[in-house]
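From first to last, the protein sequence lines stand for chains A and B.
FYI, the numbering for the first sequence is 1 to 364, going by my numbering.
FYI, the numbering for the second sequence is 1 to 364, going by my numbering.
Simulated from the structure, these hints should not be mistaken for lab results.
Just so you have them, the derived chain B footprint on chain A, three or more residues with Cβ under 8 Å:
1. 78-84
2. 269-281
3. 302-313
Beta carbons are placed, not taken as given, at the ideal position from N, Cα and C, and that holds for glycine.
2 protein chains.
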Amino acid sequence: MKLTVKKEQLQKALQKVTNIIGSKSTLPVLGNVLFEAIGNKLILTTTDLEIRITTTIEAQVQREGKTTIPAKKISMLVSKFIDDEVFLDCNEKHHTDIVCGTANFKMLGLPDDDFPSPVDFAPIKSIKFKEMDFLRILDQISYAVSLDDSRKVLHGILCSIKDNTFTAVATDGKRLALVERVPEEFAGQEGDTIVPLKSAIELKRILEKDGNVTLEFGDKQARFRTEGVEIFTKLIEGNYPNYRQVIPAGFTKSIDIPVKTFIAKLELVSIALTDSSAFIKLKLANNKMEFLAASSNVGEGEDHIDIDYDDEMLDISFNPAFLADPFKHCDADKMMLKLNDSFSPVALESGDGFLYVIMPMRNR
Amino acid sequence: MKLTVKKEQLQKALQKVTNIIGSKSTLPVLGNVLFEAIGNKLILTTTDLEIRITTTIEAQVQREGKTTIPAKKISMLVSKFIDDEVFLDCNEKHHTDIVCGTANFKMLGLPDDDFPSPVDFAPIKSIKFKEMDFLRILDQISYAVSLDDSRKVLHGILCSIKDNTFTAVATDGKRLALVERVPEEFAGQEGDTIVPLKSAIELKRILEKDGNVTLEFGDKQARFRTEGVEIFTKLIEGNYPNYRQVIPAGFTKSIDIPVKTFIAKLELVSIALTDSSAFIKLKLANNKMEFLAASSNVGEGEDHIDIDYDDEMLDISFNPAFLADPFKHCDADKMMLKLNDSFSPVALESGDGFLYVIMPMRNR
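Input sequences plus hints: build the corresponding full structure.
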């Protein structure tokens, strides 16, 4: 392998693929990036055996070939280079000469034969979104995934397609976040798949302002493709809980909430709390929402906002972090709070297909 | 205690005093800020029993008095407040009502009687510097203090005054950083004192662009004063090693080094190294300084800069972090590298009273 690439392109490509590399892999080659020079392309690949990320950049290839180079070190090196072009020349021992301006390195790699091969993949459905739209979907719900739960299926995001509508769901058993959206294109079989949170996070990292992302799902594998980047991931097997039964059939009360003011007051009043089992109480009456918090070692906090509500007086308590999450990931000015009483599940909606359901706390 | 203060002033004052508060003090009151309302002033004090920081701000005091309030919580609270004025009202149980705009808190404090009293202090010398100048001095040498060494005296910065010249020294036994500067004013006895690194770091935090700092030293205590802030600190007792004998009497070679380029090449080539015992080799010859580094698991790196040197060829090896430190804390364009051979101590000077002495490594 012998080639010249633009320094900036190589740096960006390395940033896209190296995030999944952990520091303590038992298989040394998993700490390396696979470099493949073919035609006028340089293909970079990394894997942690669950996820495999590949990106392709232009290169002036003088001699085709493959090798692997330690990911952390090559990334550090390229980010410190100051000239425009990087020259790579790998010998048969997988020692790669790396030259940029006056800087001259020799890096010890591992044979490309050691690098895991890609698995066979047969997609049974394909869904296309604008990259920005899908980024928004992931951002609106990812925080509700819990890796603590013993149920493996909850460690991922449910991606369901039915009647040309795509539904993404995340829940940790205490709250549920859901987005429904019509994709740009859909082909193949309807059905449910569960994407591991780690893969969703990697996908979020590569999504950009322009362009489309194609999500292809097989039985046990999925492939996500954007311009120049491909992510292969294992899927989580098993049946996702029936989330529809958690969503109340109707609500008797519905209140417009100003997003920024709400989160500011919620965070301020929560300072009176100490441990994570503490709750914040919302008191609704006379066109006012009061925030109340108290703990035995800090003291008490109280603030309020004006709302449009003159129904019966209502006290309702929440875990402050769970209540804050959807507001933190909302880019609308307002959310609609829907509820029936102090004890039944409460819903938050932002009018763009997003729905959040949370149980009130009873320890009031 | 009952008073009104400007929110911004209170926030700045809390930032100045709360940094020394650790999370795991055995004495609960050390986690609190002492509030004292006297005349038209609010005085805030914290201590970790080694250091005591006091700052004074203007306040409209309606009722004089004292209390203590948990530092972390009051800091969080004030930083989240959005209105201009904060109202504090403390009752006899040391519960303080804190009001800002519509936000209303009650914080549980501890009696001010529990808060440690200041120790008696009799200064025997007083030194005045411009705040910016003293900040520069601390920045140029603090990194050379090692808290790992078993010799307690090396855990601090030697502050010595003689013949109207102030000398600050830090060393970890492997390298030495020193600054000599003439202060704005000096009164009292000549002599040496050792200031704990932690106190120097706190002093750095409060030094600002304008104004003067007065350093007053007693036998076992020192007091550092700027506009509105006082730091009391214990001094480290014992005799500082005779650092003068480490500084070579003369040098046969002297080379101008461009600071930014040097540090860039040094950091780049060091990527070829892995562990902290590794060394980087400088090769001087033919008006060139080559940087060479190699390790058995990463590979080799090499780069160079042009210098003004046509003396004999010289190889000299250094711990790369120790070599980088003075360049990282240098605000001049050039440093002068002075040396005799590959084995004797090397000096770096920036022409403003700063001197750095480092031993070459022998494992070349």
